[in-house]
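Trainee: Chain by chain, the residues run as shown.
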Amino acid sequence: MRDVAIIGVGLTKFGERWESGLRELMAEAGLAALEDANVESKDVEIVYGGTMASGRFIGQEHVAALLADQLGFKNIPAVRIENACASGGSALRQGYMAVASGMYNLVAVGGVEKMTDATSTEATTALGGAGDQEWELSQGITFPGLYALMARRHMYEYGTTVEQMASVAVKNHDNACKNEYAQFHKKFTVSDILNSKVVADPLRILDCSPISDGAAAVILAPLEIAKKYTDTPIHIIGSAQASDTLGLSDRDKITEIKATKIAAEDAFRQAKISAKDVNVLEVHDCFTIAEILAMEDMGFYKKGKAAKAIEDGETALNSKISVNTSGGLKGCGHPVGATGIKQAVEVTLQLRGEAGERQVKGAEIGVTHNVGGSGATSVVHVMKRYN
Amino acid sequence: MERSSASLWRKINSRYNMVGNECTNCGKTYFPPRLICKDCGRKSKMQSKKFNGAGEVYSYSKIHVPTEAFKDSAPYTVGIIKLDEGPLVEGHIIDDGKGVNIGMRVKSAFRRMDVDGEEGLIYYHFKFVPE
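Chains P and L supply the protein sequences, listed in that same order. In this text, residue positions in the first sequence follow the numbering used here: the first is 346, and each later residue adds one. In this text, residue positions in the second sequence follow the numbering used here: the first is 150, and each later residue adds one.
Because the hints were derived from the structure by calculation, they are not lab data. Each hint should be verified, as a subset may be incorrect.
As the list claims (entries may be wrong) - Selected chain L positions facing chain P (Cβ under 10 Å, derived; list incomplete): (1) Pro181; (2) Ser210; (3) Pro215; (4) Glu239; (5) Met262.
To be verified - Examples of chain L residues toward chain P, derived with CB under 10 Å: (6) Lys160; (7) Tyr179; (8) Arg183; (9) Lys187; (10) Lys211; (11) Thr216; (12) Glu217; (13) Lys220; (14) Ile229; (15) Leu237.
Quick caveat, the model's predicted, so the values are computed rather than measured. Just so you know, even glycine gets a beta-carbon here, dropped at the ideal spot from N, CA and C.
All chains, full assembly: derive it from the sequences and hints.
Mentor: As structure tokens, then:
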């Protein structure tokens, strides 16, 4: 196996991008990544594209070939990866394996979702497909509903409060204010969150990540040649993925995401690190409760202890550990297929020292955590600055 | 999404009568039923099992923003029920006005779930009601 590095990153602004369709978003992020890596379109050897539900949102399938087409990657293999909300992270891992295996040297990985062309009810239905269509969605158990069921049980078993969940949103919106690519640049208070509209009790609209348009891209290369392209390669030192039952009630516990526990343990073992070594962390906060689960399941806090620590500010920017500096899915936005790649872009910028106002001081090791559905897929990557 | 009548029909036994299954190799019970036991793999010996539907509320949520098919029935309460006979099962909980809470006893009942427009198919399903 060869060591793999990120040599270039690109991002679109996330949000309601009415002027841009799916292909424009992909091309914008892809071009930015090529420029950042100083790589020509013709040099890219294979492309992986992550998107969850382009067919449901805009009626377009076969998105990887379209990505290759629009970026001038003439005739190279193009592969779409769909793993619900973890499509981006899963695509990144495929790209990582393509380089690590020795089959390809220059690999492009993109993630995209164009969601705002659909109505919010259509989007709710499309996103519900991330859970079990036959036994959850068909009964009107929506995607926020699944996380609401997890939140309610977590509150019952561990005394987690709605105020503590709200504090996740407050923190992530604070961070988003410092990110020019973020969908929202607005601060919220705990009371704003608790007074917002109920979506699936106990989750309110400001506990939920938004409907967003956006794309993100990275260029990967073997570490041994990475310095040819950039002075600041980011070394991927751990890459792991796990799955679990699609249906929530088929699991032994709903107060943890077991796939995250397994993927984090594997990625940390590969990277030879433990949770205390991590300086910057992008976790999958599709709902506020999800960030609490992630911090526990990845081993940053014992089960039942993360909510209070977050409320106490331990995960704010430049505190004990900086979590979701981009604003997370909550504040930066959640164009589903793009999210896993955006997390890698943010950690890359942080480790390069290019994150501007939201820079984590002395960031050496960063982690990304991307979840699909209610936890049927989890992907964890560990990254390190390469000097 | 428009559903075909076949997709409804092939699940009727489970949706109407809460028929799941049991792996007689290890004793684990499942609802919804599955072809292969999660733990036993090729050694699975699956046998149909009708659950009586009694149990207690394990978690619940009142859904205010529904999917397309349920846009006329929101808000409605859904939950996960821990059946006395083993498995956790997801379904609607009928709130009789006294509220729903974790640990509350419920039993299953045969109810109308939703309708495809005025002239379309009517979907039936078990729901949970207070015991």
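Trainee: Does each hint fit the structure? Answer for all of them.
Mentor: The hints, checked one at a time:
Evaluation of the L:Pro181 hint against chain P yields a held restraint, the C-beta minimum of about 5 Å falling below 10 Å. Taken as an interface hint, L:Ser210 checks out: its beta carbon lies about 4 Å from the nearest beta carbon of chain P, inside 10 Å. The criterion of a C-beta within 10 Å of any C-beta in chain P is met by L:Pro215, whose closest approach is roughly 6 Å, and the hint holds. Because the beta carbon of L:Glu239 sits about 5 Å from the nearest beta carbon in chain P, less than 10 Å, this interface hint is met.
For L:Met262, the suggested interface contact is upheld, since its CB lies about 7 Å from the closest CB of chain P, less than 10 Å. The criterion of a C-beta within 10 Å of any C-beta in chain P is met by L:Lys160, whose closest approach is roughly 7 Å, and the hint holds. Against a cut-off of 10 Å between C-beta atoms, the interface hint on L:Tyr179 holds, since the closest Cβ of chain P lies about 8 Å away. Because the smallest distance between the Cβ of L:Arg183 and any Cβ of chain P comes to about 9 Å, under 10 Å, the interface hint for this residue holds.
The interface hint given for L:Lys187 is met, as the beta carbon of that residue sits about 8 Å from the closest beta carbon of chain P, less than 10 Å. Against a cut-off of 10 Å between C-beta atoms, the interface hint on L:Lys211 holds, since the closest Cβ of chain P lies about 4 Å away. For the restraint placing L:Thr216 at the interface with chain P, the shortest Cβ-Cβ distance is roughly 5 Å, inside the 10 Å limit, so the hint holds. A distance limit of 10 Å between C-beta atoms decides the matter here; for L:Glu217 the minimum to chain P is near 5 Å, and the interface restraint holds.
Interface hint at L:Lys220: satisfied, since its Cβ lies 6 Å from the closest Cβ of chain P, which is below the 10 Å cut-off. For L:Ile229, the shortest C-beta to C-beta distance to chain P is roughly 5 Å, which falls under 10 Å, so the interface hint holds. Proximity of L:Leu237 to chain P holds as hinted, the smallest CB-CB distance being about 4 Å (cut-off 10 Å).
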